[in-house]
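Residue numbers (the working numbering), protein chains in the order written: chain A, 11 to 193; chain B, 308 to 595; chain C, 14 to 201; chain D, 677 to 1336; chain E, 722 to 1070.
Please note that the accuracy of each hint is not assured.
Said to hold, decoys possible - With a Cα cut of at most 27 Å, we get these calculated DSS-like pairs of lysine-lysine:
{"#": "1", "chain 1": "D", "residue 1": "Lys-1288", "chain 2": "E", "residue 2": "Lys-796"}
{"#": "2", "chain 1": "D", "residue 1": "Lys-1058", "chain 2": "C", "residue 2": "Lys-41"}
{"#": "3", "chain 1": "B", "residue 1": "Lys-577", "chain 2": "C", "residue 2": "Lys-162"}
{"#": "4", "chain 1": "D", "residue 1": "Lys-1121", "chain 2": "C", "residue 2": "Lys-50"}
{"#": "5", "chain 1": "B", "residue 1": "Lys-577", "chain 2": "C", "residue 2": "Lys-50"}
Claimed, not checked - According to the in silico footprint, chain A covers these stretches of chain E (three or more CB under 8 Å from chain A):
{"#": "6", "region": "921-929"}
{"#": "7", "region": "932-939"}
{"#": "8", "region": "987-1001"}
{"#": "9", "region": "1016-1026"}
Unchecked claim - If we take Cβ atoms under 8 Å as the criterion, some of the chain D residues that face chain A in the derived model are:
{"#": "10", "residue": "Asp-793"}
{"#": "11", "residue": "Val-1270"}
{"#": "12", "residue": "His-1274"}
{"#": "13", "residue": "Ala-1310"}
{"#": "14", "residue": "Leu-1334"}
Derived from the structure by calculation, the hints contain no laboratory data.
As the structure is a computational prediction, the values presented were derived from the model and not from experiment.
Idealized CB from N, CA, C, for every residue including glycine.
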Amino acid sequence: MSIRAAAAGSQTAEAEEVLGPAEARRQAHQASQPAAAGAPAPQAWEPLIVAFCCNWCSYAGADLAGTSRLGYPPNVRVIRVPCSGRVNPLFIVKAFQSGADGVLVAGCHPGDCHYSTGNYFTRRRFLLFRRLLEFIGVEPGRFHARWISGSEGPKFAQVMTEITQEVRRLGPNRMLRDARDVQ
Amino acid sequence: MKIAYYPGCSLHSTGIEYDLSGRRVCQDLDIELQELPDWTCCGASSAHVTDHVLALALPARNLALADDLGLDVTAPCAACYNRLQVTRHELAHDPKLRQEVEELLGRPYTGRAAVRSLVDLVASVGEEAVRQRTRRPLRGLKVAAYYGCLLVRPAGILQPDDPENPQGLDRILAAAGAEPVEWPFKTECCGASFALTDHTEVVTRLVAQLVDGAQAAGAEAIVTACPLCHSNLDMRQETAPGATPLPVYYFTELLGIAFGHSAAELGIGKHSIDGTQLLAQHGWSQAV
Amino acid sequence: MSAATELTRAWANGAGFVREVERLSGQKVASCYQCGKCTAGCPMAADMDVAPRQILRFLQLGLQEEALNNSTIWLCASCMTCVARCPREVDLPRIMDALRQIAVRRGRVKERRVYLFHRLFLAGVRRGGRLDELRLVLGYNLRSGQLFKDAAKAPALFLKGKIRVLPEKTSGAAEVQQIFARWEARKP
Amino acid sequence: MKRIGVFICWCGSNIAGTVDVEKVAEAARSMPGVVYATDYKYTCSEPGQQMIKDAIREQHLTGVVIGSCSPRMHEKTFRKTVESAGLNPYLLEVANLREHCSWVHPREEATTRKAIDLVRAAVAKVARNHPLHQGHIPVEKRALVIGGGIAGIQAALDIAESGYETVLVEREPSIGGRMAQLDKTFPTLDCSACILTPKMVDVSRHDKVTLLTYSEVEKVEGYIGNFTVTVRRKAAYVDHSKCTGCGLCMEKCPAKKIPSEFEMSLGRRTAIYRPFPQAVPNKPVIDREHCLKFKTGKCGVCAHFCPRGAIDYEQQDQRVTLHVGAIVVATGYDLFDPALYSEYGYGRYPDVITGLHFERLVNSSGPTGGHIVRPSDHKEPKNVVFIQCVGSRDEAKGVSYCSKICCMYTAKHAILLAEHVPGAHPYVFYMDVRTAGKGYEEFYKRATEEFGATYIRGRVSKVYPRGDKLVVRGEDTLLGKPVEIEADLVVLANAVVARHDAAEVARSVGFSYDGHHFFTEAHPKLAPVETNTAGVFLAGVCQGPKDIPETVAQASAAAAKVVALFSKDQMATNPMTAQVDPACCAGCMLCEPVCPYHAIRPETIQERVGGKAISRQVASVNEGLCQGCGACTAACRTGCIDLKGYTHQQILAEVEALCL
Amino acid sequence: MTVNAVTEKLRQTARDLLQSGQVGVVIGFEDGRFPGQPRPAFIRRAEDADRLVWNAFCGANLAKYVLDYRVGDGKIAVVAKGCDGAALARIIGDQQFPRQRLVVLAVGCPGMLDAGRVADAAGLPDGAWDAALAQVAAAAEPGADGFELNGKPVSRSAGLRPQCVRCRQPNVPAALEPDVWLSEPAPERHPSPDQLYGDVAALEAMSVEERGRFWEEAFSRCLRCFACRNVCPVCDCRECVLDDAQTRWLGKAVNLAENQFFHLTRAMHVAGRCVGCGQCEEACPVGLPLTVLYRKLSHDLEELFGPVEMPAPQEGKAAAGAAEGAAAGLEKAEWALTRFRLNDPDEFD
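Full structure from sequences and hints, please.
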């Protein structure tokens, strides 16, 4: 309790030193909620979205969004993987555990996989995994899988915008998180 | 310039304004018209409906008359022009047909005389000549230049600048100061060949399409170069109660006005739909 | 009995007829690939009983009865829109002309009034060398049983000097009569 | 100790206009392992690259991170840069600060923060990079071509002409394939045999080509550059090394009434036979099933008459093992069985035939000497109805696709009919006339205008006999009326379908096929002759319906791919491949089915357990086949198979660095 | 004490197998310290065969023990109920033990009893368990629907282990083609959807927050003793990803997040592979409802991608030798997550 109080009442930089930036952000958000109205308002919480993008379609789609200057919120961080089939569900758990508020897996449209069949396995694996996450209490809006081709720059920007909005609405993720106080 | 003149039957009756205004305008542009002596009917569509050779022989006789004069020939009526030009083309390309036609005619046919429409003839004098001859530019007059079928088709024989969107008539009218509008029905059929039969409902529909199109494009009047189109558009416009019909002019009538003639001189008073009122609004009724 | 049209018989019966149409019109009916652009642009198509495209289809299959017994060939205004736009350069109005001529020859005129008009027109030309529009209209209205069609318009036309009471005279008339006579003489 | 250098590119104002590049470089300096960080206006420029090289040498860098444009843009450039400074090219990571950051976000603090995060992730990743090296695998410069139709012949000739040994395997007694059965070819009406036969002879005489006819590929093992192929040479019961092809045996053979497969059963052959007179090799084989010697033990006429003693009833199938570096699959097609359309009466009415029957009927060396006659009474047909799309474009009874060649060969048949039979009238029922090809539309036009073919748009509903005629009932949809035709002969354009055993071939060679059993190209646009198995290429209709010019073009394309492969003694492999840790791998092989390249196979390793030497199974990746997709890594529960360049550790480090 | 018929046949078979040297060991059950709690037995000598017993308390899954014999060439015999058989099939499919080295001694299983539940149902006083349970244990299949104990009728279902209530496979899978049947195959079992998934559905009916609280509460109790993994017969990897010190997937700290990572990993790894033997829950010292998680995934996999098929027995194998034929089919066993269909459902766009 004392650490939290100290963090809420001090500069964010100091809080980061003690808690790490992700946790500091989360607590800052909590502090800004009505329940903690008494505390001085620190820096507003911003959602963090981690997106695993396959090199051939979705990463290229993100590049196209860039070359087309199609803006989307800066909350999204892309990790490049050769194929969405490379993405182990444990990476997603790890991302939530490390502080991500939302996670996206993006690959080529079924049938268009650069490696022929990778995304068919992706589809099965994450259809199941999404249900598992929801079953253990992760809100449905936090984990997404999308098919974004290399020519779908606008779709990439739109999906990023939508997901950021949705996660912002849900607030900071507390499920699966490290270093959190459980009542 | 001197040229043989083939008025055709219509210009001696329902298209008399075209004859009047055409002669007047030609005179103004220093075109000397010499009417073919003893010209006879070209047979129009009734002939080619009946027989191909007969349909060629009737115009060929008139071409032969021009040959005799040693002059090219102009036909203001688009239908006559079309028959003459098509006949000349076919006879030039088919010696056997030409022989058959000569047998029917009982006179030789050389094909020397070239055929020109009146629009073409005026255009050949030049837009500049029209501009110079214009005493009162038709400034602010929005017109829909209507070519109909027979001035442009068959394109392979008549060789218009663009069979789907011709410009000759537009240019002449623009040279006289008018504002031709861009509209999509310049060469759509008005159905004139059925104007006198009992298929008038078809004709009414086709005329309505043209008039609506011209009005939608902002035109105040339709301008034609064919007596059949003219009488059809002039007589078969059905207007809703209270609406004013669109006046229909021969292009020679408007040129005549621009050149300073009076409406009466040009026969504009003979239209079914009053053509004088619009001119009067612009103050162009009287001669200058 | 089957309601279907048997095509080999149709062709056996109709091949000569098709060849005659091709000779009269100078067109090859096989050129048409039935795209329908002619019908799409035809100003009269809405009032025809079969589409202009179908006339060619009848001819391709040798169906002479269908090709002759329709209003379409009579309603063709010879506006040449179809010719201008045909991708296969088929001169459909020439084919219509040929079909009308054959229909007349066989006494199979479906649109008798249209034909009447053309006959009166040519009769007028034959008689006077030039067309007398008043006589044509009066004659047509009389013979087609619509005596007072457009009668309301006549006085105005008359007053405006558009209708001549007496037919024009031309010395070319005799020559035209000879043309008609020679033409008639060479008809089979 | 890691010594990482970070270079933040301004990209002019493209990055620097939005991201505070100095602040990013400053932040990078405090990231773990970073010993050097700077920013520069154009990192990809000559001086920019020089700066990186200098820093690598001066700072003794062990890893480089460049924050710049997308790695899809300049990763290769920068790899070369670091390599030229003596660093392994794979000790480089690119943080995408332009396409993923400065170009899509406004100039604000959050954008610079994101740029710092992206650089941090790249630093975390590069700290876990290992030097990677391209592998090299030797290439056996000999090609195998499966199928001796025009596709296989062309591919074999092209490869052989480039100087490489080629083995052409054909399962029939002669090469030539479908094209040998055709009379004329559209749209030029060249005689098919006249253009094919010289090629058949060329390929058989080529000193680089080994022709194995009457042979089938049984097994293919190995991988690109190193295939081992087992071919079964079927016993011909004729010693072809002795046989001169004089043909006396066939003349004397008493079993003469066997329906000829080549002639579509319209002609007859003997039990010792060659499929057609121009066969290559022009030597007979004995058809055991019909041979009296084999059936009854009596006869032996051929052996008796053979002047060379070439007949050998004791001959056995032989197995030949080939080592090849590349395979061209050109196994051709079958034709849809039109008997499935019971309403057309094929099989019930002898005068309902297929297009291929018509080819034989019109061919001057065919069973009728080129006279088109009805199979039933040998009368010349006048009214002939051609029905297109028999099987094609019909999901109820046939196949969903368009067979592509039928429109054109039917137009050809109409022309040939009109040419051969005076007064004949071809009628063609069609759905659409598809004439996409040079000179094709014009050819179709000739069929209608010059040769009087009547085309009727509509599918035929039924064919039934009336007297000695066949009544064909359909609708002329242009007329909008039902029509019928009393035909003398009905010719069905039956669909092109995959070989009945196509799936087996695909499985034995190891590549995929589609729902119709046509072989699947590696990419429909950009790799149309490759398969997803490296070193295996496709030519001709086995990949999908196509006509002769397309087939020949594809065959030459496949040959070009083979020749390109053979132009190097060794093949460089992609170093970013999957890798198994055999100590950890349990050998469950669940990674095997997810690999699209069949790059994972079980391998037996020796291991010491408790002082005892044991052998056990583990998964093993063939680096020559692996394309680095990483699907296997996610299928492996133990995490014992990893992807070099995108390891578990690297990705987890990136995740953690981004979420810091 | 009388010996039931199954035990009789088991002992005889074991004796024969060991005496003839066909197998080096027979894995079965022997009496434990307490009646109603038999323990796994590893019989290596023919003279020890009489230690083997079979009774209604032999619920433990024996399949995992075969993994201890991975090294070596000799055959081993295993007594197999339905769930042991399913686990063996999975182990063979994962190529962790060849079918050829197994002699499968199949027993039809009507569901195994839990000593505590039986005692409760019969109202046995604490001190009186042993004799009473010994009496129940003596019969291989005590009464179809129930038996009498302590003078009270006890219904069979009241004493069944919870995983046996849910059981759908009382006999070894046909593809395993057992070498010996020690009893008649047990009749098919068709648990109701509620018995199968009632607890799963109850959780699904909760709000996502409530579910989150439920699982957080559960996982926060986890001691990370790994007992669930260690007893799980389908956890057949040589090295567990959770022990990978180099990649460090699972952190060392025992906290909720790492506990969740542990259990989600296990859930994904047994998804569609779990045979429902319930060993994990029995082994868990803090009573985590682990099979709820696994059954949720099995259910969803089936719903999404269709039933997980067991390979069919190979045709015409009998003459050629049962083991080879069966192995050929079994070893092609695939995992729902390493296969796909083109027309799989697609909820992503």
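Is the interface hint for D:Leu-1334 satisfied, with its Cβ closer than 8 Å to some Cβ of chain A? holds (5 Å)
Could you grab the alpha-carbon distance between B:Lys-577 and C:Lys-162 and see if it respects the 27 Å cut-off? OK: B:Lys-577 and C:Lys-162 at ~21 Å, within 27 Å.
Against chain A, does the region 932-939 of chain E show at least 3 residues with beta-carbon separation below 8 Å? holds (count 6)
Does the CB of D:Asp-793 sit less than 8 Å away from some CB of chain A? holds (6 Å)
Taking 8 Å as the C-beta cutoff, is the stated coverage of the region 1016-1026 of chain E by chain A satisfied by three or more residues? Answer holds; 6 residues pass the 8 Å Cβ test.
Status of the D:Val-1270 interface restraint (C-beta, 8 Å, chain A): holds (6 Å)
Are D:Ala-1310 and chain A close enough, Cβ to Cβ, to be under 8 Å, as the hint says? Holds. Min distance 5 Å.
Regarding the pair B:Lys-577 and C:Lys-50, is the alpha-carbon distance no greater than 27 Å? Measuring from Cα to Cα gives roughly 40 Å; hence the hint is violated.
Cut-off 8 Å, beta-carbon criterion: hint that D:His-1274 touches chain A: violated (12 Å)
What's the verdict on D:Lys-1121 and C:Lys-50, does the C-alpha distance respect the 27 Å limit or exceed it? holds (18 Å)
Straight-line alpha-carbon gap D:Lys-1288 to E:Lys-796, limit 27 Å: OK: D:Lys-1288 and E:Lys-796 at ~19 Å, within 27 Å.
D:Lys-1058 and C:Lys-41 were given as a pair; does the straight-line alpha-carbon distance stay at or below 27 Å? holds (22 Å)
Of the numbered hints listed earlier, those contradicted by the structure are 5 and 12.
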